[in-house]
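Knowing the structure of chain A, use the given hints to seat chain B with the ligand on it.
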Amino acid sequence: MSHDKMMYVHPAPVRVWHWVNAAGFVLLILTGLQIRFAETFTFFTLEDAINIHNYVGFVVIGIYGLWVSYYFGTMKIKLYFPDLRTFIPDVIRQAKYYGYGIFIGEPNPHVMTPDNKFNAMQKKAYLGLMFVFLPAQMITGLFLWRVKKFEDYISLLGGLKIVDTVHVLLFFFFCAFMIVHFYLATLGHSATAHFKAMFTGYEEHH
Amino acid sequence: MNKKNQGNFLIWGAVVLVVLLACGRASLSYAIENTECMDCHGDESLSRLQSEGMKERLYVDFNKFKFSVHNLNSIGCVDCHADIVALNFDNEIPHPAALAPVNCSGCHTEEGDAYKDSVHKKAGGKGISIPCYACHDYHYITHLDSSSVYERENTFCLKCHNPGNYHDWLPQKDVHFSLVECAVCHAPDTSRHVSLRFFDFVQAKFLEGEEFLQALNTDYDGFMGLVDQNNDNVIDLDEFENMVLLLRQKDAIGTFHGEVVVELTPAVHHINKGKANRECEQCHNPNSAFFQQVQISLNKKDGSRAQYQVDRKVLESYYVNHFYALGGTRVRVLDKIGLVLIFGGISVVVVHLSARILTVPTRRRRSKDRRHK
Ligand code: HEM
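Protein sequence lines, in the order shown, are assigned to chains A and B.
Taking our numbering, the leading residue of the first sequence gets 1, the next gets one more, and so forth.
Taking our numbering, the leading residue of the second sequence gets 1001, the next gets one more, and so forth.
Hints are computed from structural coordinates only; laboratory data are not their basis.
Here a beta-carbon is modelled for each residue, glycine too, at the ideal position from N, C-alpha and C.
Any given hint could turn out to be false.
[What the hints assert, rightly or not] To give a feel for the contact side, a few chain A residues facing chain B, derived at Cβ under 10 Å:
(1) R36
(2) I50
(3) G105
(4) E106
(5) W145
(6) G158
(7) I162
(8) D164
(9) V168
[Unchecked claim] Restricting the straight-line Cα-Cα distance to at most 25 Å, the calculated cross-link-like pairs of lysine-lysine (PhoX-like) are:
(10) K148/A - K1205/B
(11) K1173/B - K148/A
(12) K96/A - K1368/B
(13) K1173/B - K149/A
(14) K1159/B - K148/A
[Said to hold, decoys possible] Some residues of chain A that are not near chain B, with every Cβ distance over 12 Å (derived):
(15) P13
(16) F58
(17) F72
(18) I77
(19) D90
Chain A on its own, in the form it takes in the complex:
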């Protein structure tokens, strides 16, 4: 194994954001499950589950603020925007790799550099995640937290049940996302490489 090329891909704020966010998501999913399925899950009392869910929700919103400030402050947000000219062929190439190349030992067509750390599929997924799904989840969550206070907005959206439906569908999506995300994170050059990188900031380069 060559240690000559260690590459700094995850700056400290991103790492902090990531793990706080990840822990937050796990808690939100557990408490969320209990809140929706109180008859089946009894990790906590429902009262506690709701309180934990609310506090953690705000932590996740707060840390999202850190993420936004960091990425926009440093203009590294460009990482997330695909190059439109090569985007479609890049996605196809990447999909081919995950669907075929990876099985026969072909190298990953995307080569990670600090300026271009995501492959085309990641860009697309993370972009939607961070700018559409997560904010939508936070806003609906906020509305559900103080139904009376946001009554007018909730009515505008069509009622409590509509807001809740969005929150719940995204919740299920995030559950599925976590599973796949965890799995994909084991697909580095070794099963733990990406995880280590998310702690140390350095990814080994080959």
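What follows is chain B with the ligand alone, placed relative to chain A:
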């Protein structure tokens, strides 16, 4: 006494009792008519001086009393002020100036008994006295049945309590207070139901029972015949859907709001310290008994209401979007979609991982080939 004699005795006893009661009632209400009292008490200026120099009004607004539930049920002044047996006009005041307190429990015996076992009755022992009418008022009582949670709380509990002080543990307390009547939690022995009312977007208000029926071109008796197509006396989900369509065709654009209210039974008076229901799971649970009874409530002019049974599935549909008891009345389809998503995620992982394991030999071979080259 043999069986037959016993039967006869009971029948005759009952007849005698009925006759006695009829005479009693007749003697009371024919002896003194309401109008006789109103000669004086209909005078708006009738009042007397209290010891502290305060004026106490003795005026009774007969136009309001007329529509009270008591007058509508032929309960007159002296049925309540029962110690006035005769008016003696030789005196300046034709009846004793100090009358006995009205005994509501004399007629409302069950409520009186139920009330005994309550923190409010017991509070009387501490020098405070909470009579029935501290909550109910007396001359202008109307039927309570069709009142909304808001009206029920305002006319009762909120006169004396500020619930904001006591429920810090309760998530969404303001939502609870506006959609769940206090007694639903505080008098846990009562049964309750979800009452659905139609909110009209154009007029921005809840439609009165009659307005709602007018919109559908029917009346209290015709309503079920119009809506309940399979005649099982329950408005099922598809029947509810048809009703909403019909309303739309008739230009009644709006939506149904729900709220949880207690059934009017004496047990609503069983309110005691520390006895309130604090188990959130009892409601926030799809099998909860709290959502078993769902009714469309159409109020009538006299404060009573007509109620029509609705299938609880309606609460789990998108026809009732402004009433959602977290978990309790959730939309079930979403859970199925959720299962598909999660199992989808898991299968992607399992399939991909298996494929990688199965193809290990291929990769090994190819990397060996490459090294040979
Ligand atoms: C559901 C909550 C999560 C979200 C929304 C999320 C989102 C993301 C995003 C946007 C990135 C890119 C990071 C960057 O901006 O530099 C990322 C990377 C990563 N995440 Fe998560 N993540 C979540 C949970 C987790 C969890 C629970 C784990 C571990 C079990 C994990 C492991 C990783 C790893 C290893 C990377 C680096 C991947 C790579 O470098 O290819 N994530 N995640």
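Verification of the supplied hints:
no.	hint	in the structure
1	R36	5 Å, holds
2	I50	5 Å, holds
3	G105	4 Å, holds
4	E106	9 Å, holds
5	W145	8 Å, holds
6	G158	6 Å, holds
7	I162	6 Å, holds
8	D164	6 Å, holds
9	V168	5 Å, holds
10	K148/A - K1205/B	18 Å, holds
11	K1173/B - K148/A	9 Å, holds
12	K96/A - K1368/B	23 Å, holds
13	K1173/B - K149/A	12 Å, holds
14	K1159/B - K148/A	22 Å, holds
15	P13	29 Å, holds
16	F58	14 Å, holds
17	F72	30 Å, holds
18	I77	27 Å, holds
19	D90	20 Å, holds
In summary, the structure agrees with every hint in the numbered list given earlier.
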